[in-house]
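A.B. asks: Protein chains in written order, with this note's numbering: chain A, 1 to 321; chain B, 322 to 651.
If you're looking for bench data, these hints aren't it; they were derived computationally from the structure. It is possible that part of the hints are untrue.
Only pairs whose alpha carbons sit at most 27 Å apart, straight line, appear in this in silico DSS-like list of lysine-lysine [stated by the list, open to error]:
id, chain 1, residue 1, chain 2, residue 2
1, A, Lys113, B, Lys630
2, B, Lys422, A, Lys113
3, B, Lys625, A, Lys113
4, A, Lys113, B, Lys369
5, B, Lys547, A, Lys113
6, A, Lys113, B, Lys370
7, B, Lys637, A, Lys113
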Amino acid sequence: MIETILLTLDATLRVSTPLIFAAFAGMFSERSGVIDISLEGKMLAAAFAAAAVAYTTESAWLGLGAAILVSISLAMLHGVACITFRGNQVVSGVAINILAAGLTMSLGLSWFKQGGQTPLLPDEARFTSIEFPFAEALRDVPVIGGLYSELLSGHNILVYMAFLMVPLAWWILFRTRYGLRLRAVGENPKAVDTAGISVIRLRYSALVFAGVLCGLAGTYISAAHNAQFVRDMTAGQGFIALAALIFGKWRPFPVLGACLLFGLLDAVAVRLQGTELPGIGVIPVQFIEAMPYILTVVLLAGFFGKAVAPKAIGVPYVKER
Amino acid sequence: MKNILFATVLGLTTAASVQAADFKPAVVYDKAGKFDKSFNEAAFEGVKKFQKDFGVEVKEVEPTNEAQVEQGLVKLARRGSNPIVAVGFSQANAVATAAEKFPETQFTLIDMVVDKPNVRSIVFKEHEGSFLVGALAAMKSGTGKVGFIGGMDIPLIRKFGCGFEQGAKYVNPKAEVFSNMIGSTGAAFNNPGKANELAKSQIDSGADVLFAAAGSSGSGVYQAAKDRHKYAIGVDSNQNYIHPGTMLTSMVKRIDVAAYNTWKAAKDGKWASGVEVLGLAENGVDWALDENNRDLVTPEMETKVNQIKADIIAGKITVHDYMSDNSCNY
Numbered sequence: 001m002i003e004t005i006l007l008t009l010d011a012t013l014r015v016s017t018p019l020i021f022a023a024f025a026g027m028f029s030e031r032s033g034v035i036d037i038s039l040e041g042k043m044l045a046a047a048f049a050a051a052a053v054a055y056t057t058e059s060a061w062l063g064l065g066a067a068i069l070v071s072i073s074l075a076m077l078h079g080v081a082c083i084t085f086r087g088n089q090v091v092s093g094v095a096i097n098i099l100a101a102g103l104t105m106s107l108g109l110s111w112f113k114q115g116g117q118t119p120l121l122p123d124e125a126r127f128t129s130i131e132f133p134f135a136e137a138l139r140d141v142p143v144i145g146g147l148y149s150e151l152l153s154g155h156n157i158l159v160y161m162a163f164l165m166v167p168l169a170w171w172i173l174f175r176t177r178y179g180l181r182l183r184a185v186g187e188n189p190k191a192v193d194t195a196g197i198s199v200i201r202l203r204y205s206a207l208v209f210a211g212v213l214c215g216l217a218g219t220y221i222s223a224a225h226n227a228q229f230v231r232d233m234t235a236g237q238g239f240i241a242l243a244a245l246i247f248g249k250w251r252p253f254p255v256l257g258a259c260l261l262f263g264l265l266d267a268v269a270v271r272l273q274g275t276e277l278p279g280i281g282v283i284p285v286q287f288i289e290a291m292p293y294i295l296t297v298v299l300l301a302g303f304f305g306k307a308v309a310p311k312a313i314g315v316p317y318v319k320e321r
Numbered sequence: 322m323k324n325i326l327f328a329t330v331l332g333l334t335t336a337a338s339v340q341a342a343d344f345k346p347a348v349v350y351d352k353a354g355k356f357d358k359s360f361n362e363a364a365f366e367g368v369k370k371f372q373k374d375f376g377v378e379v380k381e382v383e384p385t386n387e388a389q390v391e392q393g394l395v396k397l398a399r400r401g402s403n404p405i406v407a408v409g410f411s412q413a414n415a416v417a418t419a420a421e422k423f424p425e426t427q428f429t430l431i432d433m434v435v436d437k438p439n440v441r442s443i444v445f446k447e448h449e450g451s452f453l454v455g456a457l458a459a460m461k462s463g464t465g466k467v468g469f470i471g472g473m474d475i476p477l478i479r480k481f482g483c484g485f486e487q488g489a490k491y492v493n494p495k496a497e498v499f500s501n502m503i504g505s506t507g508a509a510f511n512n513p514g515k516a517n518e519l520a521k522s523q524i525d526s527g528a529d530v531l532f533a534a535a536g537s538s539g540s541g542v543y544q545a546a547k548d549r550h551k552y553a554i555g556v557d558s559n560q561n562y563i564h565p566g567t568m569l570t571s572m573v574k575r576i577d578v579a580a581y582n583t584w585k586a587a588k589d590g591k592w593a594s595g596v597e598v599l600g601l602a603e604n605g606v607d608w609a610l611d612e613n614n615r616d617l618v619t620p621e622m623e624t625k626v627n628q629i630k631a632d633i634i635a636g637k638i639t640v641h642d643y644m645s646d647n648s649c650n651y
C-alpha cells in the first residue's frame, strides 16, 4: 500500500514537472499584463529544438540551450506583436501555437526525414535520472528509506530544477524591487510609468523569463522524460498549465499546488486504468481521461471561488501624450 | 528537319506518358505519418520494394488531419492514380466516399472492411500474431507478470491485447496480464509521454515484458523498458533494432507485403475486390527474430513458439478474436 502511494507520488513529480515550468512561465508573463496562450507553442518548439540539437551535438545541455533560445525568440515575437505593436494578445498567442505546430513538423521532415520525428536520443544526449548517494542502501529502511530512494532520488536534473525554481520565482516576484515593479505593471501600468519606469521594457523582460521556463519545459518533455521529438507531443499540457495558473490565482505556491494536483490526477488515472474498484467495476478509459478537466471545472466553479486576474492583463499599454 | 525531330521527341514523350498513365499506383498513409517506425512505415517498406522491383513511381500522400484524408484520396483518383492503397482503419469512411465518387478507381483499404464493388479490404489476424508474442513474453518473464499498452481504445487495438493475453496464459496459466490504453482519440497514437508513464506504472506493478500496440507512442514504452532494464515487444514493423538488448521481439504485420501484392496484382490485371484476411498461415502476421534479439530468445523458446505457431496454423489452438464479439472471453 505504502509502496503504491510512493510510486504514485513519484509519478506525480515526473508528470507535473513540465506543468510547473509552463505555469510559472505563464505567471511571469501574465503578472506583467501579457496574456500567454502560447505556452503550448513555445514548449513544443523548445521540445523540438532540444531533441534536434541534442541529437546532432550529442549533448543534452546544448539541447537545453537551443530550446531556451528558440523559446525566447518566440516569446519576443509575441512581445513585438502585442507589446510594441499593441496587437491582440490572444490572437498573437494562438498564432504562435499554430506556427510552432507547423514549423516543428516541417523542419523535422526536411532535417531528419522521419516524418517530423527526430531520431531517438542516445543516453548521453538526454537528461537521465540521478541516483542520490546511498539510495540503494537506504531502500529497506522503513518509511524514510522509501521516501528517500523512491520519491526523492532517481529523477533527472530538470525535475529538481523545477522544484528549486518555485521558491526562486517567488522570491523574485515578491521580495525584489524588480518583482514589485513587474506585479505593478500588470495591475496599474500607468502608475509604473509615472514613476519613470519603462512599462515596455518590464513586459519584455517578463517574456524573457517566460521563454526560459518554457524552454526548460520543452526540454524536459523531449530530452528527459522521453528520448525523441514526436509531433504535437506537448499534447495540451500548455493549456493545462494555463488552467493551473488560473486555478492557483496567479500566486506561486497555489500554482505549484494546482500543478501537483493535476499531476497527481494524471498519475492516479494511469494507475486506476483497468483495475477493478469495489462496487464500481472497471472504470472506462474515457472517464479517466476526462477526470482532470471535470475536476478543474467542479473545483473552480464550486470550491475555490473567483479567480481574479491581474487588472491590466490583455490591455496593451498606451502612453498618453 | 528540326520540326521533325521535335515532333519525334514529342511523340516519344507522349507515348511514354501514356504508358505511365496506364499504371499509377498510389498510397495514402494515415495521420501518424510515413515514418512512425511502425504501422505506416511498414506500408512504406512495400512502396520502396515495389518501386525498386518495377521502376514505377508510387505516389504518396501524407495527411496531417482528418479532412486531408478524403481530399488526398479524391485528388489521387481524379489524377488517374490506380489502384490507391489506403493505410489504416481511420480511412474507412473516406474510402467509402471516394469509392462511390470514382467507381472506376480501385481502392485497397488496409485494416478495415468497406463493402463496395471497387474496394478490396485487407485485414489481419492480429490476435494470432499477438498470441505468439504473448507466449514469448510469458516465457521470458521472471515475475509472471506481463503488460500490454494500446494506443487508442478501439476494438482493433483491444484485439492485439486480447491475443497477447491468451498467448501469455497459454504458456503460463497463472500469468498476470496488465492492460492499459493511452487514450480514446487518435492523439493517443502520438503521445509517447503518456505511454512512458503507463509503462512505468506497469513495471512498478511487477511487469517485466511489455507489448505496445500504439503507433508513434510505442517509443515511450520501449524507452521506459530500456531505462528500467525490462523487455519490450514492438509492433507492426520489425522494431527490434530500436533498442537492441531490450526489445524481446516484434509482432510483425506484413502491411508491406499486402500493399506490394495489391499493386502487383493490379499491374498484372489481377486486382479483385472483396475481403482478404491474412493470418499466420498466409504469413500476414508473424514474430520477428533477427540479429538484434537473437541473444534474448533461447533455442527452447524459439522451438516452443514455432510449435505454437504450427499449432495455430493447423487449427489445434484457436485464438479468440476480440472483434468477433467485442469481448475477451475465451
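A.B. asks: None of the hints should be skipped; say for each whether it holds.
C.D. replies: To see whether the hints hold, each was checked on the structure:
1. At most 27 Å may separate the alpha-carbon atoms for a hinted pair to count; Lys113/A and Lys630/B exceed this at roughly 36 Å.
2. For a cut-off of 27 Å, the pair hint linking Lys422/B to Lys113/A is broken: about 34 Å separates their Cα positions.
3. Note on Lys625/B and Lys113/A: the hinted pairing is violated, with a Cα-Cα distance of about 39 Å set against a maximum of 27 Å.
4. Restraint check for Lys113/A and Lys369/B: the C-alpha separation of about 15 Å stays at or below 27 Å, so the hint holds.
5. For the hint pairing Lys547/B with Lys113/A, the CA-to-CA distance comes to about 25 Å; that is within 27 Å, so the pair holds.
6. With a C-alpha separation of about 18 Å, the suggested pair Lys113/A and Lys370/B falls inside the 27 Å cut-off, and the hint holds.
7. Between Lys637/B and Lys113/A, the direct Cα distance comes to roughly 45 Å. Violation of the 27 Å bound is thereby established for this hinted pair.
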